[in-house]
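Asker: Residues per chain are reported as follows:
2 protein chains.
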Amino acid sequence: MKPLSRGGIIAVGSELLTPLRVDTNSLFITEQLNLLGIEVVMKAVAGDDRDMLAHVFRAVLERVDIVVFSGGLGPTDDDVTREVVANVLQRPLREDERLTTMLRERFNARGFPMPMPEINRRQAMVPDGGRPIENTRGSAPGLWIERGDQLVVLLPGPPRELRPMLTTLVAGDLRARAAAAALVRRIIKIAGRFESETDQTLQPLYGKWAAADVPVAATILSAPGHIELHLSARHASRDIAEQTLEAAANDVVGVLGADAYSTHGALLERVVGDLLVERGLTIGVAESCTGGLITSRLTDIPGSSRYLDRSVVSYSNEAKTDLLGVPPELIAEHGAVSEPVALAMADGIRSHAGVSVGVGVTGIAGPGGGTPDKPVGTVAIAAMTAATTRSRVFRFTGERETVKFQASQAALDMVRRLLLESSQ
Amino acid sequence: MKPLSRGGIIAVGSELLTPLRVDTNSLFITEQLNLLGIEVVMKAVAGDDRDMLAHVFRAVLERVDIVVFSGGLGPTDDDVTREVVANVLQRPLREDERLTTMLRERFNARGFPMPMPEINRRQAMVPDGGRPIENTRGSAPGLWIERGDQLVVLLPGPPRELRPMLTTLVAGDLRARAAAAALVRRIIKIAGRFESETDQTLQPLYGKWAAADVPVAATILSAPGHIELHLSARHASRDIAEQTLEAAANDVVGVLGADAYSTHGALLERVVGDLLVERGLTIGVAESCTGGLITSRLTDIPGSSRYLDRSVVSYSNEAKTDLLGVPPELIAEHGAVSEPVALAMADGIRSHAGVSVGVGVTGIAGPGGGTPDKPVGTVAIAAMTAATTRSRVFRFTGERETVKFQASQAALDMVRRLLLESSQ
Numbered sequence: 001m002k003p004l005s006r007g008g009i010i011a012v013g014s015e016l017l018t019p020l021r022v023d024t025n026s027l028f029i030t031e032q033l034n035l036l037g038i039e040v041v042m043k044a045v046a047g048d049d050r051d052m053l054a055h056v057f058r059a060v061l062e063r064v065d066i067v068v069f070s071g072g073l074g075p076t077d078d079d080v081t082r083e084v085v086a087n088v089l090q091r092p093l094r095e096d097e098r099l100t101t102m103l104r105e106r107f108n109a110r111g112f113p114m115p116m117p118e119i120n121r122r123q124a125m126v127p128d129g130g131r132p133i134e135n136t137r138g139s140a141p142g143l144w145i146e147r148g149d150q151l152v153v154l155l156p157g158p159p160r161e162l163r164p165m166l167t168t169l170v171a172g173d174l175r176a177r178a179a180a181a182a183l184v185r186r187i188i189k190i191a192g193r194f195e196s197e198t199d200q201t202l203q204p205l206y207g208k209w210a211a212a213d214v215p216v217a218a219t220i221l222s223a224p225g226h227i228e229l230h231l232s233a234r235h236a237s238r239d240i241a242e243q244t245l246e247a248a249a250n251d252v253v254g255v256l257g258a259d260a261y262s263t264h265g266a267l268l269e270r271v272v273g274d275l276l277v278e279r280g281l282t283i284g285v286a287e288s289c290t291g292g293l294i295t296s297r298l299t300d301i302p303g304s305s306r307y308l309d310r311s312v313v314s315y316s317n318e319a320k321t322d323l324l325g326v327p328p329e330l331i332a333e334h335g336a337v338s339e340p341v342a343l344a345m346a347d348g349i350r351s352h353a354g355v356s357v358g359v360g361v362t363g364i365a366g367p368g369g370g371t372p373d374k375p376v377g378t379v380a381i382a383a384m385t386a387a388t389t390r391s392r393v394f395r396f397t398g399e400r401e402t403v404k405f406q407a408s409q410a411a412l413d414m415v416r417r418l419l420l421e422s423s424q
Numbered sequence: 001m002k003p004l005s006r007g008g009i010i011a012v013g014s015e016l017l018t019p020l021r022v023d024t025n026s027l028f029i030t031e032q033l034n035l036l037g038i039e040v041v042m043k044a045v046a047g048d049d050r051d052m053l054a055h056v057f058r059a060v061l062e063r064v065d066i067v068v069f070s071g072g073l074g075p076t077d078d079d080v081t082r083e084v085v086a087n088v089l090q091r092p093l094r095e096d097e098r099l100t101t102m103l104r105e106r107f108n109a110r111g112f113p114m115p116m117p118e119i120n121r122r123q124a125m126v127p128d129g130g131r132p133i134e135n136t137r138g139s140a141p142g143l144w145i146e147r148g149d150q151l152v153v154l155l156p157g158p159p160r161e162l163r164p165m166l167t168t169l170v171a172g173d174l175r176a177r178a179a180a181a182a183l184v185r186r187i188i189k190i191a192g193r194f195e196s197e198t199d200q201t202l203q204p205l206y207g208k209w210a211a212a213d214v215p216v217a218a219t220i221l222s223a224p225g226h227i228e229l230h231l232s233a234r235h236a237s238r239d240i241a242e243q244t245l246e247a248a249a250n251d252v253v254g255v256l257g258a259d260a261y262s263t264h265g266a267l268l269e270r271v272v273g274d275l276l277v278e279r280g281l282t283i284g285v286a287e288s289c290t291g292g293l294i295t296s297r298l299t300d301i302p303g304s305s306r307y308l309d310r311s312v313v314s315y316s317n318e319a320k321t322d323l324l325g326v327p328p329e330l331i332a333e334h335g336a337v338s339e340p341v342a343l344a345m346a347d348g349i350r351s352h353a354g355v356s357v358g359v360g361v362t363g364i365a366g367p368g369g370g371t372p373d374k375p376v377g378t379v380a381i382a383a384m385t386a387a388t389t390r391s392r393v394f395r396f397t398g399e400r401e402t403v404k405f406q407a408s409q410a411a412l413d414m415v416r417r418l419l420l421e422s423s424q
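Line order of the protein sequences matches chains E and R.
Numbering follows the numbering used here, with no gaps: position 143 of the first sequence is 143.
Numbering follows the numbering used here, with no gaps: position 2 of the second sequence is 2.
Hint data in this document are derived by calculation from the structure and do not stem from the laboratory.
Treat the hints with caution; some may be incorrect.
No distinction is drawn between identical chains; accordingly, a pair holds when it is met within one copy or between any pair of copies.
[Claimed, not checked] Below 25 Å or equal to it, Euclidean Cα-Cα: the simulated SDA-like pairs (lysine to any residue) are: (1) Lys-208 / Arg-279; (2) Lys-208 / Asp-48; (3) Lys-189 / Glu-401; (4) Lys-189 / Pro-75; (5) Lys-189 / Glu-399; (6) Lys-189 / Leu-20; (7) Lys-189 / Asp-149; (8) Lys-2 / Thr-201; (9) Lys-208 / Arg-160; (10) Lys-189 / Pro-19; (11) Lys-2 / Ala-218; (12) Lys-208 / His-334.
Input sequences plus hints: build the corresponding full structure.
Answerer: In structure tokens, the structure reads:
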């Protein structure tokens with residue numbers, strides 16, 4: 001059978017044709033297909049209009065080896081993917097009794113006080129020659145349908161259902177149908193720099209990579225508080241592709257040093273958590289303008305209870321004094337948004353919580369509260385251990401949530417550099 | 001001329017076919033077209049492959065009145081939109097001398113030390129019968145091409161160039177070509193229910209709305225902790241369309257009662273904040289497994305300092321005792337994840353912070369820490385005022401971050417219901 005090399009993705013859902021929702025499943029699907037060397041050559045979004053979906057499906061099917069659908073597999077009238085695909089491929093739908101039984105059992109197990117509605121039996125319909133793909137996290141099974149050398153895969157829309165299903169296929173049945181060349185990617189994460197300057201600094205590397213035997217493609221992406229360098233390489237041998245990217249990642253670290261905080265796309269909160277675990281340290285955060293975001297990010301990491309046992313959100317001046325012992329005179333003298341107050345907050349949480357690293361963050365997230373002297377986006381951040389102290393006043397731009405995120409990012413990065421430095 | 005009513009959007013760019021970038025221009029384009037009553041019925045993404053882009057364009061053109069392109073109008077070989085569109089429509093490209101002059105002037109004005117490269121003259125090519133659309137923020141002009149009753153609009157990819165260009169068209173030339181009907185939307189947000197059951201409960205309304213003089217279309221969307229009902233209506237009079245949705249929103253509230261927490265798509269943290277301001281109350285949160293997320297969400301709302309001045313993240317048992325006065329014996333007797341401990345946490349933050357509403361949340365976010373008795377996802381939540389107390393143990397499913405989000409949602413919803421109840 002001809003190996004699959006060109007893919008098309010169709011997202012189904014009328015909400016994806018409104019100004020409110022964008023199809024993001026296709027990013028994950030692309031990543032997974034790329035792992036097998038399958039390139040995505042077109043993507044489309046259709047609503048629940050049967051005729052339009054059929055038209056889109058035919059257009060995509062005409063040009064690709066594999067079509068992956070996401071969405072439209074639910075039990076309601078709006079869920080038309082199964083039916084439209086069966087029609088276009090001229091494969092009559094039949095109820096799979098084992099699937100119906102499974103659906104009923106799953107429904108009952110969730111403790112609903114009523115039997116499964118008859119409408120849900122739609123989810124047990126399978127086109128002639130197709131086979132269901134198990135969904136361990138939801139009621140909608142996927143479908144796998146071959147058509148000569150072509151393959152059509154139907155997956156449910158919810159990412160938490162779609163992702164494990166596709167991952168399983170990519171490790172098994174889909175791998176068997178793909179060409180040998182692997183397209184491999186790496187994400188390098190960078191803090192404390194500007195995008196344009198980073199891009200310029202890396203230019204010589206881009207040239208070198210492009211001219212190499214196994215070329216590496218690079219794209220730089222940025223958002224406030226956030227720079228990512230995406231690398232990709234393709235080779236018949238997956239190992240060689242991976243080694244090529246490993247070498248490229250080392251090139252980047254050689255140029256950017258500690259500004260490159262992960263060469264494997266890790267979150268900053270995970271990098272900080274790993275450093276704390278490695279050094280057997282604990283952390284406490286005194287948050288004002290970030291309102292708990294830093295602690296929430298730190299505790300997004302499984303096992304974070306090893307290094308974090310408490311934090312404080314001290315939004316008002318009184319709270320800073322009550323909970324952290326920040327002297328009211330200090331606030332009166334320097335203002336709540338100042339390096340001395342951030343330092344006192346860091347010191348307060350460090351001694352009150354009895355932890356190795358104390359962090360203090362105080363600023364103006366906006367939209368109100370700014371002054372000519374301290375405009376919206378001004379944030380004072382301090383981090384300290386028994387031996388070392390760092391502090392700085394930042395000026396972030398953007399909306400309230402963007403300021404909060406950038407402040408949390410800067411605080412975590414300050415902790416990371418403090419830990420790296422104190423180990424030297 | 002037949003007014004434009006069905007639209008298609010094509011985003012052009014190979015980076016949009018990687019796992020890294022999603023087309024977001026289409027959201028803005030959709031919003032703008034909707035303002036004119038033009039419904040978007042399909043969207044597509046293509047790379048810089050000429051043949052594939054032509055195929056996609058033909059497929060879209062076959063079913064819509066207006067096609068809007070974004071991207072692929074730059075000066076390089078990779079920028080193929082102009083050429084492909086001209087080919088498909090069989091309109092030879094000709095250089096517009098005035099455009100060339102303008103491009104040269106713009107280039108020189110930017111202070112480059114060299115004359116404009118010849119390659120940039122591509123941006124001055126206009127298909128027969130087409131006309132350029134001025135771009136005040138970049139070098140790539142747009143293109144407006146009529147084909148019988150159909151219209152094709154080409155816009156550059158950078159949002160800061162595309163947005164003002166489209167806004168100008170919508171206020172002028174495009175408005176003149178559209179039907180008078182406005183397409184209006186509303187989002188109703190729902191808590192404390194399951195999607196399928198909500199959908200079933202609303203069925204009679206769907207039927208009534210579909211049969212009305214001004215029909216209302218409804219789509220239900222859900223994610224863990226989250227149900228949204230999206231309503232839309234179209235009418236020549238924008239006011240009538242809005243009134244129709246207002247009546248439909250009231251229908252929903254009539255059926256779902258307090259479970260519908262917003263009829264205007266407001267965030268739950270905003271609804272809670274508004275209730276607190278309205279009643280002149282303050283709030284403090286004692287967070288364990290949510291790790292600061294609830295407070296971070298509450299402080300995402302501008303002006304939240306009016307009702308929140310402190311919160312505590314008490315991750316460990318010791319922190320619960322130190323910061324909130326939870327008796328160690330209570331934890332020993334019931335376990336840290338229990339209603340009595342959640343209540344003691346809520347009571348502790350309420351009295352320590354001197355606020356009207358105290359909230360306590362303690363649970364197991366996973367992936368570790370679960371027991372047969374209290375599996376991962378078990379979360380005890382309590383909320384109390386001087387007069388009233390609520391508490392409950394929830395069982396959420398999903399990954400760590402999903403459990404955290406659902407717990408924060410349930411806690412905010414509990415506060416909301418407590419406030420609604422205590423005002424009656």
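Asker: Could you place Lys-208 and His-334 in one of the four classes (within, between, both, neither) given a Cα distance threshold of 25 Å?
Answerer: neither (51 Å within a copy, 63 Å between copies)
Asker: When no copy is specified for Lys-189 and Asp-149, does a C-alpha distance of 25 Å or less occur within a copy, between copies, both, or neither?
Answerer: neither (40 Å within a copy, 45 Å between copies)
Asker: Cα distance capped at 25 Å. Does Lys-189 pair with Glu-401 within a copy, between copies, both, or neither?
Answerer: both (21 Å within a copy, 21 Å between copies)
Asker: Check Lys-189 against Leu-20 for me: Cα-Cα at most 25 Å, and say if that holds within a copy, between copies, both or neither.
Answerer: between (29 Å within a copy, 14 Å between copies)
Asker: Under a CA distance limit of 25 Å, which applies to Lys-189 and Glu-399: within one copy, between copies, both, or neither?
Answerer: Both: 23 Å inside a copy, 24 Å across copies.
Asker: 25 Å Cα cut-off: does Lys-208 pair with Arg-279 within a copy, between copies, both or neither?
Answerer: neither (37 Å within a copy, 64 Å between copies)
Asker: For Lys-189 and Pro-75, with the copy left unspecified, which applies at a CA distance of at most 25 Å: within, between, both, or neither?
Answerer: between (41 Å within a copy, 22 Å between copies)
Asker: How do Lys-2 and Ala-218 come out at 25 Å by Cα distance, when the copy is not named: within, between, both, or neither?
Answerer: Neither: 28 Å inside a copy, 43 Å across copies.
Asker: Regarding Lys-208 and Asp-48, is the shortest C-alpha distance of 25 Å or less found within a copy, between copies, in both, or in neither?
Answerer: The answer is between: 20 Å across copies meets 25 Å, while 47 Å in one copy does not.
Asker: Is it within, between, both or neither when you check Lys-2 against Thr-201 at 25 Å Cα-Cα?
Answerer: Neither way: Lys-2 and Thr-201 sit 40 Å apart in one copy and 49 Å across, limit 25 Å.
Asker: From the Cα coordinates, with 25 Å as the cut-off, is the pair Lys-208 and Arg-160 best called within, between, both, or neither?
Answerer: neither (39 Å within a copy, 33 Å between copies)
Asker: Taking 25 Å as the upper bound on the Cα-Cα distance, should Lys-189 and Pro-19 be classified as within, between, both, or neither?
Answerer: between (30 Å within a copy, 16 Å between copies)
Against the hints set out earlier in the document, violations occur for numbers 1, 7, 8, 9, 11, 12.
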